[in-house]
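A.B. asks: Protein chains in written order, with our numbering: chain A, -2 to 667; chain B, 27 to 335; chain C, 360 to 494.
Treat the hints with care, as some may be off.
[Stated by the list, open to error] Taking lysine-lysine pairs in the DSSO-like style, the calculated list, with each CA pair at most 27 Å apart, reads: (1) 139(B) x 653(A); (2) -1(A) x 324(B); (3) 36(A) x -1(A); (4) 324(B) x 653(A).
[To be verified] From chain A, some residues computed to sit far from chain B (all C-beta separations above 10 Å): (5) 86; (6) 89; (7) 94; (8) 96; (9) 281; (10) 347; (11) 458; (12) 464; (13) 473; (14) 562; (15) 573; (16) 638; (17) 658; (18) 663.
The set of hints was computed from the structure by calculation and includes no laboratory data. Everything numeric in this text was worked out from a predicted model, so none of it was measured. For every residue, glycine included, the Cβ atom is placed at its ideal position computed from N, Cα and C.
So the chains spell out like this:
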Amino acid sequence: MKILIRKELRENLKLAVLGFVVFTVLVVWSWRDYAVMMKDVLLGLRSLEGFRLQPVHSGLILAGTGWLCVIFGAVLGWMQIFNERHRDLWAFLVHRPVSRTQIFFGKVIAGLGIYIVAAGLPLVCFVVWAGIPGHVAAPFQWAMALQIAWLFLAGIAFYFAGMLTGLRQARWYASRTFGLGLAFMILLANAVPNWRFWQILVAMLIGIAILAAAVWGGFHSDGHYKGQPALGKLGLTASITVGAGVVAFIVFALLASLFPNLLFNNDRWTMYVMTKDGTIYKEIQGGRRPPEFVDLDGKPLIDAKTGRMIELEEFIRRACNTISIQMDREKASLRRRNPPIFFSFWQATPDTIWYYWNRYGRLVGYDIATRRCIGSLGPNGFANDLSGGGDRFNAPDSRTLQTATAIYQTDVQNRATRTLFTTEKDETILGATDVFLNGNDWDHTVVATKRYIRLLTPEGKVVWKTPNEQDYPDYGRVRVSFLEKPGQCALWFAPPYGPNKKAGWKLPTHVAWIDSEQGLFKSMDLPNLNPPWNQYPLRAKVLSLLIPPALWAGVYWDDRPEPPEMPWKLVLISLAPAAVVWVPLGLWLARRHNFDVRARLGWAVFHLLCGLPGFLAFLSVQEWPVRTLCSNCEKLRSIDREKCEHCGADFAPPEKNGTEIFAPLEITRA
Amino acid sequence: MNEQPVIQTRGLTKYFGARPAVYDLNLEVPRGCVLAFLGRNGSGKTTTIRMLLGLLEPTRGEGSILGHDIRALPPEARARIGYLTEEHQLYGWMSVQECGGFQSQFYPRWNEKIFRGVIGHFSLKPAARVKDLSRGERAGLCLGLMLAPEPELLILDDPAMGLDPVAHRSLVESMIYLTRRSDRTIFFSSHQLADVERVADYIAILDRSVLRACCSLETFRNSVRQVRLQFPGAPPPAPKIPGLLQAFRTEGELRLVCVHYNEAVERALRTLAPAQMEQMPISLEEAFLSYLGERGEKSFILSETEVQP
Amino acid sequence: MNLSINTGSNTPIYKQITDQVRMAVAAGKLAVDDPLPSIRALAERLVVNPNTVARAYADLAREGLIESRSGRGVFVTRKRKMFTREEGWRRLEPLLDAVIGEAMVLDFTPPELREAFEKKLGQWKPRKGGSRNDE
Chain A
-2 MKILIRKELR
8 ENLKLAVLGF
18 VVFTVLVVWS
28 WRDYAVMMKD
38 VLLGLRSLEG
48 FRLQPVHSGL
58 ILAGTGWLCV
68 IFGAVLGWMQ
78 IFNERHRDLW
88 AFLVHRPVSR
98 TQIFFGKVIA
108 GLGIYIVAAG
118 LPLVCFVVWA
128 GIPGHVAAPF
138 QWAMALQIAW
148 LFLAGIAFYF
158 AGMLTGLRQA
168 RWYASRTFGL
178 GLAFMILLAN
188 AVPNWRFWQI
198 LVAMLIGIAI
208 LAAAVWGGFH
218 SDGHYKGQPA
228 LGKLGLTASI
238 TVGAGVVAFI
248 VFALLASLFP
258 NLLFNNDRWT
268 MYVMTKDGTI
278 YKEIQGGRRP
288 PEFVDLDGKP
298 LIDAKTGRMI
308 ELEEFIRRAC
318 NTISIQMDRE
328 KASLRRRNPP
338 IFFSFWQATP
348 DTIWYYWNRY
358 GRLVGYDIAT
368 RRCIGSLGPN
378 GFANDLSGGG
388 DRFNAPDSRT
398 LQTATAIYQT
408 DVQNRATRTL
418 FTTEKDETIL
428 GATDVFLNGN
438 DWDHTVVATK
448 RYIRLLTPEG
458 KVVWKTPNEQ
468 DYPDYGRVRV
478 SFLEKPGQCA
488 LWFAPPYGPN
498 KKAGWKLPTH
508 VAWIDSEQGL
518 FKSMDLPNLN
528 PPWNQYPLRA
538 KVLSLLIPPA
548 LWAGVYWDDR
558 PEPPEMPWKL
568 VLISLAPAAV
578 VWVPLGLWLA
588 RRHNFDVRAR
598 LGWAVFHLLC
608 GLPGFLAFLS
618 VQEWPVRTLC
628 SNCEKLRSID
638 REKCEHCGAD
648 FAPPEKNGTE
658 IFAPLEITRA
Chain B
27 MNEQPVIQTR
37 GLTKYFGARP
47 AVYDLNLEVP
57 RGCVLAFLGR
67 NGSGKTTTIR
77 MLLGLLEPTR
87 GEGSILGHDI
97 RALPPEARAR
107 IGYLTEEHQL
117 YGWMSVQECG
127 GFQSQFYPRW
137 NEKIFRGVIG
147 HFSLKPAARV
157 KDLSRGERAG
167 LCLGLMLAPE
177 PELLILDDPA
187 MGLDPVAHRS
197 LVESMIYLTR
207 RSDRTIFFSS
217 HQLADVERVA
227 DYIAILDRSV
237 LRACCSLETF
247 RNSVRQVRLQ
257 FPGAPPPAPK
267 IPGLLQAFRT
277 EGELRLVCVH
287 YNEAVERALR
297 TLAPAQMEQM
307 PISLEEAFLS
317 YLGERGEKSF
327 ILSETEVQP
Chain C
360 MNLSINTGSN
370 TPIYKQITDQ
380 VRMAVAAGKL
390 AVDDPLPSIR
400 ALAERLVVNP
410 NTVARAYADL
420 AREGLIESRS
430 GRGVFVTRKR
440 KMFTREEGWR
450 RLEPLLDAVI
460 GEAMVLDFTP
470 PELREAFEKK
480 LGQWKPRKGG
490 SRNDE
């Protein structure tokens, strides 16, 4: 096998070098991009945008890596097959006295080796460059390179898909490219918002294994379905099913765009809103009409100037600013699962950039000129290193930072922190939000602890203080509306979905008006506005018809905090077309071509689970042998069976025409 | 010597779509012989060879080569089979030397002297790239690559195609040389009837996907007879005798080429009342041409379109 | 000895070989006890299947023209009695027909033919011990 690896390396040398050059250009371009930007920042020519401050996350490197890995991988895989496109050259290769598996591995080891060096080496150098202190003026964690790593891995999926495209002997030329559909899904796996690291990794590896199995099988049978080992057939079927699914989805999406009513929600939705004078109105949205505003009795709000229903723009002018505080810390965490947020931009001085670094819970400063970390700022003040002791800042807001028991303000120019507010006794801060009533001026901060909600000024003075949802436990979120009079606010306590559903949608929305002089002076309970969300609108039912039933299993793979509910009604709707159309069609075809019982059963289950894409894959993958008339029983029989399926007769030997010359061959050796 | 044939097929059939390329082939090739596989273009020779080597999945039927099932040829069997394709395809970027190096690492029994000998005979420079070689030089290289591992069974698919006369002669000489080993078998398909006459022990003839003849060269020659009947006037049309291959009608003469000529056939011919009837000798080449051609009365190409002056 | 064969001829290759050997012996180019090339060597020289050469040699041996001496090769041998008079005439008849027929076509007269025949016979030396009746 070493010989084959060497031969493959030598054969694809040009492509390898080209790939290496292209990736190096990408990396150098990204590096230069960052260097130029930092120079401009140093000269004061440019302001900072948070995300691109870490070049490992820049749009250029991610988009470039994504496109290049996909294209290079696919071209490399395809080329390795295309090199032996001549029938006799492929015969020469296959006639080597080595097993087909060894030929497969010879190609794959060489190909992946080329890929790893040509694509991986420049990328690794880039990440290492970013990781060395003094190169990048932003926090660096090795885990930040994960996005690049996923794209690199997706390129491997496209490598196998490219090989499969080259290998596959199929009647429909388009079906040869279906493997790319699976590779595309593997690429998408790295962007699923809720997935954790191991989920992404497992999903990608499973997908790559399926494609690799399909390619391995293809080497055994020279691209046909029939002569493959079972594992290859499984891989090929799975690949083509996913690919067919992708194509079907695209076709349906295009068709559906012709019928917008199907996709768009015609439901109407009502919300409570408040104007600056503290009056509550209902806003009715949806149904592809402009929103309507009515008061609590149902009378439409009339604009005095026009005499008609008030328009959205005018209402917005009258509406008050409302901010929201999440009191469930888990949800407010910056550690989103995918892609994770490692840090966020805090402030910049002329010579230093300050970030909030999630890992340490502190503010970190990087000198713009030397690009080194100069120290960190925590609740206890400035420290030269990243630890500094003391509490973590839990989350940054726009102007303040919170710990569990206090709110701080920072002065990065002087590298100092100032306590804005401290909780009493044993309270912990559940949430806090900075409020900006007019643009960039920081007006207030609202703090919610378990017992009280307070409004603070930027100096830390308490404007008002009120008990926190004593009668409404587990509400989890409070909204604060700021009314015309300074210091006067309305607090909204709205019930969350889960408990509301459990209580039969009867939980009220509680509103409390409060100001600095009187304290709490008015409160009201408002009924739940919308009927239980129709879980199965027509839209959902129509879409369910098109979903292959097996996809519903994905509901459980997505690991959300609440155990997910399986929408059994929609699952049944998905199973219906499979059971009524695809399974009978598949069974009919299987019977027509006399599959054995096990095969028929297997394919029936497959059609039930995979629906239309499964059926398309079934058509594409099977080689449908022609049928001719049996000379014995006059029924149609497959040409690939020795005995007739109906009467067991053999095929008739060829007709003799009287000119046959047959004699036994015996050696008379010299 | 009752050992197993090196190649054996039973009912081997291949359909491409609805068209049979090879139909119900039953063939046995004994060890140590030279068998020529004949047939017109498209009669199924290459398809058969590719099926025998496990490069093409048969539609139905079985075959074995060196005792192994053709659908699952293990590497040990492949190491003993030499295969020469008609296009003499190799990797264009390799040099002659590299080809030899590449090939030699696959076969434990590699005879470098043979390889050098063949390369030298065709005057190939070791550093020349395959893509710069002519057709004949490439054939020589492929021949060297095939012969050096000293295979027991050689399968050659139209090896003389496209070769210049010198390369062609070298090829035939190599085939004769190979018969030195009595356990070595050669199975080749060819259009060169002269080569077949020189080299083959046995022939197998495919006629439109069906095997119509499989016998020794001697038997074939003895089975095909040419009979000339002379008539005073225009000769009658050829009679429907079984085994009639071709009939030529010219002025006053009816010439028939047929197989299995016996007394019954002779009597049938006499009923036509010819003035004279005699058997004429026929060369092997003419016999092949008659066997391979269309059955029945033969007209020359373009003879109908000729404008009478 | 200068043997050559043609493909595409009405005569099978093995028969061309036997005919040429016979002619060589008759013309005196091959004498008794002269060696003939081995089967393999002749096959490779003529570029034909050794079985064909073997067949030719077997036929010649059956006629008594050559014999294989173990270990040393194939040699021309004394003609052993194999043809009866009748067989001999049968072999000669068609050749006589051919010569006379050709002569008639070329307008030679019988006396001219007889003269040419006598002249040829004189040119051919009698064989040493080549009489039919010898053992």
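A.B. asks: Each hint needs a verdict: does it hold in this structure or not?
C.D. replies: Results of checking the hints against the structure:
1. 139(B) x 653(A): Violated, because 49 Å separates the two Cα atoms, which is more than 27 Å.
2. -1(A) x 324(B): Judged against 27 Å, a Cα distance of about 59 Å means the pair is violated.
3. 36(A) x -1(A): 50 Å, violated
4. 324(B) x 653(A): Given pair residue 324(B), residue 653(A) holds - Cα atoms ~21 Å apart, limit 27 Å.
5. 86: Contrary to the label, residue 86(A) does not stay out of reach of chain B, its closest Cβ about 4 Å off (not over 10 Å).
6. 89: 6 Å, violated
7. 94: 4 Å, violated
8. 96: The assertion about residue 96(A) is violated, with a minimum of 6 Å to chain B.
9. 281: 64 Å, holds
10. 347: 59 Å, holds
11. 458: 81 Å, holds
12. 464: Holds: least Cβ distance 81 Å, greater than 10 Å.
13. 473: For residue 473(A), whose nearest Cβ neighbour in chain B is about 64 Å away, the distance exceeds 10 Å, so it holds.
14. 562: Consistent with the label, residue 562(A) stays out of reach of chain B, its closest Cβ about 49 Å off (over 10 Å).
15. 573: 36 Å, holds
16. 638: Residue 638(A) not clear of chain B: closest Cβ-Cβ about 7 Å, inside 10 Å.
17. 658: 4 Å, violated
18. 663: 7 Å, violated
Going through the hint list in order, the structure does not satisfy hints 1, 2, 3, 5, 6, 7, 8, 16, 17 and 18.
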